[in-house]
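Student: Listed here are the chains, written in short residue letters.
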Amino acid sequence: MNFDFSDDQKQLRDQARKFLAEKCSPKAVRVVLDGKAPYDKELWKGLAEMGFLGVAIPEEFGGAGAGHLELCVIAEEMGRTNAPVPFSSTVYLAAEALLIAGSDAQKKKWLPAIASGEAIGTLALFEGKGNPSPKNVKLTAANGVLNGVKKPVADGAIANFAVVAARTGSGGRDGDISLFLVDLKAGGVEVKSLTNLDPTRGQAEITFKDCRAEPLGPAGEGWSILTQVLDRAAVLCAFEQVGGSDRALEMGRDYALDRIAFGRQIGSFQAVKHMLADMYVSATLARSNSYYGAWALSTNAGELPEAAAAARISATQAFQHCAKNNIQVHGGMGFTWEFDCHMYYRRANAMALGLGSLSYWEDQLIDRMRKKNAA
Amino acid sequence: MNFDDTPQEAEFRATARAWIAANAPKQYEEELRKSSLGRTQLKNANILDVAKAWQKKKADAGWACLHWPMEYGGRGASPIERVIWQQEEGAFGKLSHMFIIGHGMCGPTMMAFAREEHKRSYLPPLASGEKVWCQLFSEPAGGSDVAGLRTRAEKDGNDWVINGQKIWTSGAHYSDYGILLTRTDPSVPKHKGLTMFFLDMKSPGVEVRPIKQASGASDFNEVYFTNVRIPDHQRLGEVNDGWNVSLTTLMNERSAIGAGVSTGFPELFDYCSNLMLEDGPAIENRAVRSKLANWAVKASGLRYTSMRAISALSKGDRPGPENSIGKLVAGSMIQDIASYALDLQGGAGVVSGAEDAELAGRFQAMLLRAPGTRVEGGTDEIMRNIIAERVLGLPGDIRVDKDVPFNKIPTKGRG
Numbered sequence: 001m002n003f004d005f006s007d008d009q010k011q012l013r014d015q016a017r018k019f020l021a022e023k024c025s026p027k028a029v030r031v032v033l034d035g036k037a038p039y040d041k042e043l044w045k046g047l048a049e050m051g052f053l054g055v056a057i058p059e060e061f062g063g064a065g066a067g068h069l070e071l072c073v074i075a076e077e078m079g080r081t082n083a084p085v086p087f088s089s090t091v092y093l094a095a096e097a098l099l100i101a102g103s104d105a106q107k108k109k110w111l112p113a114i115a116s117g118e119a120i121g122t123l124a125l126f127e128g129k130g131n132p133s134p135k136n137v138k139l140t141a142a143n144g145v146l147n148g149v150k151k152p153v154a155d156g157a158i159a160n161f162a163v164v165a166a167r168t169g170s171g172g173r174d175g176d177i178s179l180f181l182v183d184l185k186a187g188g189v190e191v192k193s194l195t196n197l198d199p200t201r202g203q204a205e206i207t208f209k210d211c212r213a214e215p216l217g218p219a220g221e222g223w224s225i226l227t228q229v230l231d232r233a234a235v236l237c238a239f240e241q242v243g244g245s246d247r248a249l250e251m252g253r254d255y256a257l258d259r260i261a262f263g264r265q266i267g268s269f270q271a272v273k274h275m276l277a278d279m280y281v282s283a284t285l286a287r288s289n290s291y292y293g294a295w296a297l298s299t300n301a302g303e304l305p306e307a308a309a310a311a312r313i314s315a316t317q318a319f320q321h322c323a324k325n326n327i328q329v330h331g332g333m334g335f336t337w338e339f340d341c342h343m344y345y346r347r348a349n350a351m352a353l354g355l356g357s358l359s360y361w362e363d364q365l366i367d368r369m370r371k372k373n374a375a
Numbered sequence: 001m002n003f004d005d006t007p008q009e010a011e012f013r014a015t016a017r018a019w020i021a022a023n024a025p026k027q028y029e030e031e032l033r034k035s036s037l038g039r040t041q042l043k044n045a046n047i048l049d050v051a052k053a054w055q056k057k058k059a060d061a062g063w064a065c066l067h068w069p070m071e072y073g074g075r076g077a078s079p080i081e082r083v084i085w086q087q088e089e090g091a092f093g094k095l096s097h098m099f100i101i102g103h104g105m106c107g108p109t110m111m112a113f114a115r116e117e118h119k120r121s122y123l124p125p126l127a128s129g130e131k132v133w134c135q136l137f138s139e140p141a142g143g144s145d146v147a148g149l150r151t152r153a154e155k156d157g158n159d160w161v162i163n164g165q166k167i168w169t170s171g172a173h174y175s176d177y178g179i180l181l182t183r184t185d186p187s188v189p190k191h192k193g194l195t196m197f198f199l200d201m202k203s204p205g206v207e208v209r210p211i212k213q214a215s216g217a218s219d220f221n222e223v224y225f226t227n228v229r230i231p232d233h234q235r236l237g238e239v240n241d242g243w244n245v246s247l248t249t250l251m252n253e254r255s256a257i258g259a260g261v262s263t264g265f266p267e268l269f270d271y272c273s274n275l276m277l278e279d280g281p282a283i284e285n286r287a288v289r290s291k292l293a294n295w296a297v298k299a300s301g302l303r304y305t306s307m308r309a310i311s312a313l314s315k316g317d318r319p320g321p322e323n324s325i326g327k328l329v330a331g332s333m334i335q336d337i338a339s340y341a342l343d344l345q346g347g348a349g350v351v352s353g354a355e356d357a358e359l360a361g362r363f364q365a366m367l368l369r370a371p372g373t374r375v376e377g378g379t380d381e382i383m384r385n386i387i388a389e390r391v392l393g394l395p396g397d398i399r400v401d402k403d404v405p406f407n408k409i410p411t412k413g414r415g
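As given, the protein sequences belong to chains A and B, one line each in that order.
The first sequence: position 243 = 243 (this note's numbering), numbered continuously.
The second sequence: position 283 = 283 (this note's numbering), numbered continuously.
Since the hints were derived computationally from the structure, they do not count as laboratory data.
It is possible that some hints are incorrect.
[Said to hold, decoys possible] In silico DSSO-like links for lysine-lysine, alpha-carbon gap of 30 Å or less: (1) B/LYS94 x A/LYS372; (2) B/LYS291 x A/LYS371; (3) A/LYS10 x B/LYS315.
For clarity, every value in this text was computed on a predicted model and none was experimentally measured.
Isolated chain B (complex conformation) (with noise of 0.2 Å):
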């Protein structure tokens, strides 16, 4: 067990903190550092405009997608580099959220599954913030449900004709490309008849409405297709294989969000430490105490959990399901830790302007995001299900759609 960099270790850390001394856009460093969930943006210039111009310049100088192979635009980087890098880059690293999707689940599944020609002209500019990748799978009936979708994908010679509807699709309001999950074939299983496509999302016939959120932002979007036409070979993997398919993506999409989840752990510690209430100073409080003593320990446990993760992965092992903890922890620890920071406040946390709230509404924004944490990349009861079943070894839930037809299955829950 030892927590010390390696020579090799120690070494590219001071290459890549010189590199990011040198190069990264230290003007919006405070703002940056000071920004959690809920409230990343910048008040003088459009956050995608900045994180684009970080990631190409990464990308130029060999910092991009680190652990992504080098021809297509990574640097084959070991998965503690990553961490080291991580470290490294620090507030500068919110900026490449914009890039997760993409980065995190569409590139690796596109290197799992597309052809050698596609991966070489399509990743690279993935890669360097070019070009922006979101992931066309959530529908109205489908969420936890993924398999339970019905946007169609039908042959007409050699193009598919899409027509549906998909919705919760992050960033696809920005975003030049996509991956999509469709169905192919109604007449089998719902598991059985579903193909993945990527797309170019200005192809003819797609169309984006962003959502407003609880929160009042837009982040997600509705996204429908009107015989939208894909050619047969942007189709990743065999026609009626997309559910395996699939399960790469969300595979990473696990690992991805998993990695390096905010826990809003630190920002309150933060807050509590300089925070005074009518009796003294927040910190000093019994009852405050107690409250952070418990989400320290959770906090710090998540991030040992996957430094346990990180050595297991240097070793050649694979992602496994335990690492669906980190976001089953840090959802709900977020959304409980941003409603305390508000109780701390009394009557004033219900006030949420940027202009007039406690720590321009820092936490306000973070409570009214948190629920979609909860939500997002699979819901706190799929993610005790999955450790439940793929961990521990529990039976399965009872799927009473499992052998009929995609088009048996009824729909409505009522008369």
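Just chain A, with the same shape it has in the complex (with noise of 0.2 Å):
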């Protein structure tokens, strides 16, 4: 047993961290949030060349083949720096799908393009109020044609592809469900930007009216593949919240540090000293149910679903009670567009609907267990 990264993904982490320092300060990030730009090709750009994008893709789809667990350490500078690139639905929604169940002919048209950064990718599953539900997939599919709306869809206003969940038949179960996949350049789409949260990462309408579509994967067996998916972007998606936790805590400690009131560091009073302790405890404890999904992730172990969804609610929980404990340390500075602190509160709160709410994750966790103990 060795439950750590290696020296290698710990290099790796090394290296993502100092480009990321460099090519993502927040000054970066605010070009973005300040909505001059829909997300910093640039760093896009770079990440590509950086090999990230491609990373746990493999190398006859022109990917790094390096792994899961490379991804996650990567996953996680790309949340500590609030990362303003669609990394999240490109490539843990859209490359994850089209790895589970693509055709041969749809990875070599996509994937490569992916890891270069010519592709931006995502995947268009709500339509609207609601949780990850066969029951709520409205959009239809009928001969390889889409008519319905999604709403909303993560960089869906600047992704080239889509992954759409479709009703193939009539009724809630999960053999209604089928997958296809969507050129949003081609004919038929309709795309409209959506005011958000986290403006860093942009959120979209989009309307497909006679919109013709290839499958991804076996009629009917689209819900199937999209929870596998979903499983495995929460792990990845933890990590991103355990970066940005990680962050956030850092941020409050340091100030603590910096800022005198009644005459000495704020960070010298225990109220503030056991706010900040408690933030350490849930990241902590965020980190290593993390470090335990990657784990499930990278062997595509039988523990998986419980470990995803234990990672999703953990890290979803670490990063809100970070992000917000953060500002409430900064006090009336914390609670600015000046300061930082905004950004990781915007990302937190945004990312922990991304996959669908906590309280859905919640319901799949127990569900999960019940599984494994009548197992």
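Grab the two chains, each in its own frame, and use the hints to assemble them into the complex.
Tutor: The following block contains the structure:
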């Protein structure tokens, strides 16, 4: 047993941290935050050149073929810096869906384009309120033609292609859902940007009108593929959330050491110290749960569904907790646009919803634990 | 990252499993499995006798105190082998709780500071459970503020003469030996005038009085010292250097308590999986599920945090202050879980007797014992200070008694 990343993986993490510290300063993030660009194109290009976009994509499809543990350490660094690029939608969702269910031709078409930074992908799942469920998919597919509206779609306005969940049966059962691959630059697609909690990662509404699409994976197996994609993305997002938690904690700690009130560093007051200690605790629990998720993901272990849900819940809670209390430590300054605290607060709360809400994953976790106990 | 046993680990596991299957006191397994914090006792046997017999058997076969060196009665096993043993020992491991203080704290302190001949004569019977040890640190005036203790040790020839009182001493009523922290110089600031000893608990002048706890049980004691004589060769470390000696003990205490912490979660999950509420099975109730999920990720987070610590240990890193989180999280968690389990029982939750209560009063016992787990080995607040100061590097609390001679420190809050 060895419950840690290898030296090579830690080296990769250092490399990613150094790269992002240079290319993804808070100032660079603010260009996107302030609406001056939809995402950081330079950074995206740089990530491709570093080989980070294709780190878990096999070499035969243009990736580095390193693996998912490597992707986890990069994800953590993306989260630390609030990187304003469509990394999670493209790499965790679209690429994973292709890896799980894509035909050889589909993989050959899109995966090298992802690895090289030419293509941005996303998953179009939600249709307004509600959590992932076959019942909440109303968009229809008939004879390879899609009709319906997806909203919100992460990075939908800048994506080249989307994996779309569509109804191919009449009921609300798993078997009524199929997945499709849509080239968003082709006809029948209308995209509208949506204002959202975290402007550094855009959201869109996509309307499909008699849009031609090719099936991704066998008909009627969309839900089971989607569940696998969401589980894998849950682990990867958990690492982003862990990175964000750690950074928010560091910011709070640094400010508590710097700021003097009542003639003392505010970090010498127990109320402040204890708040920061609790942030450390939740970040640590999240990190440990995520490590277990990383192991399950990288080995495709039977434990993955349970481990992914635990990592998801723990990391979501930790990031929300650290981001909100970082603002609290900063006092009034933390609430201003000028300070960076709100970027983490926005990201934490947006990420908490992106793959389905906390209560959805709580439900999933208990179902999966019961299944395991029954087995 | 790898959770599989290496070939050597697999072999160790197989050997341990076979030995446990052939030797463990199986007649108590079911009862032990169902016991939890606050209720670890056997109906038809004295648990101390059963624990001692199991420990002796383990020691004779080389399975006691796995991480200790062989010459002191251990096995010289790796941290991972220790985990494997715990996994295989399962419910029988609960029998070792009586020896936790001795094995986890007194033993390591003796190993670091006792004379070689003492180590060789005192440690093996400690490892084998034949002799039980306790730790005499806390006092009425010094709980979290351990260095505020007042028990005096005065040199008289080759002996030290001890007078004073200790409190919250776990297991003192069945202990044979103890390690004792005393004040040897009250004229210097409090951390600088302390000295550590070990002593025979049957020495003349030692009086042990059990304390009845909130739960009604008596796991702790007050211990009074009246002109108790300890020979100088039983001193641990230098005179007036006892604070440094005690830090070794306390670090070991936190990693011992933090390692296999109980959270109450497996018990609650089990309970909810079988419980019927008015509107159906508890486990299908939305509110119940949400509570369970929140505790589930804390319990798994703690489990994997300790596995990360073990991985670090096996690479040669020392256990650090980050291990304080085990105790901090588990302490309040077990209290909240016990309270929630009673909430699920509704009005009947108030009944606590083993004969009449739901699940033999398991959660009631847990509720009444839980406050102690949040205090022993350092309160939640002390744990948070440790994390804030030693992990995050925040300033220490302001200590107005820091440079004041001990005998000049005020002892009362008012008037």
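Student: If any of the earlier hints don't hold here, list their numbers in rising order.
Tutor: Failing hints: none at all.
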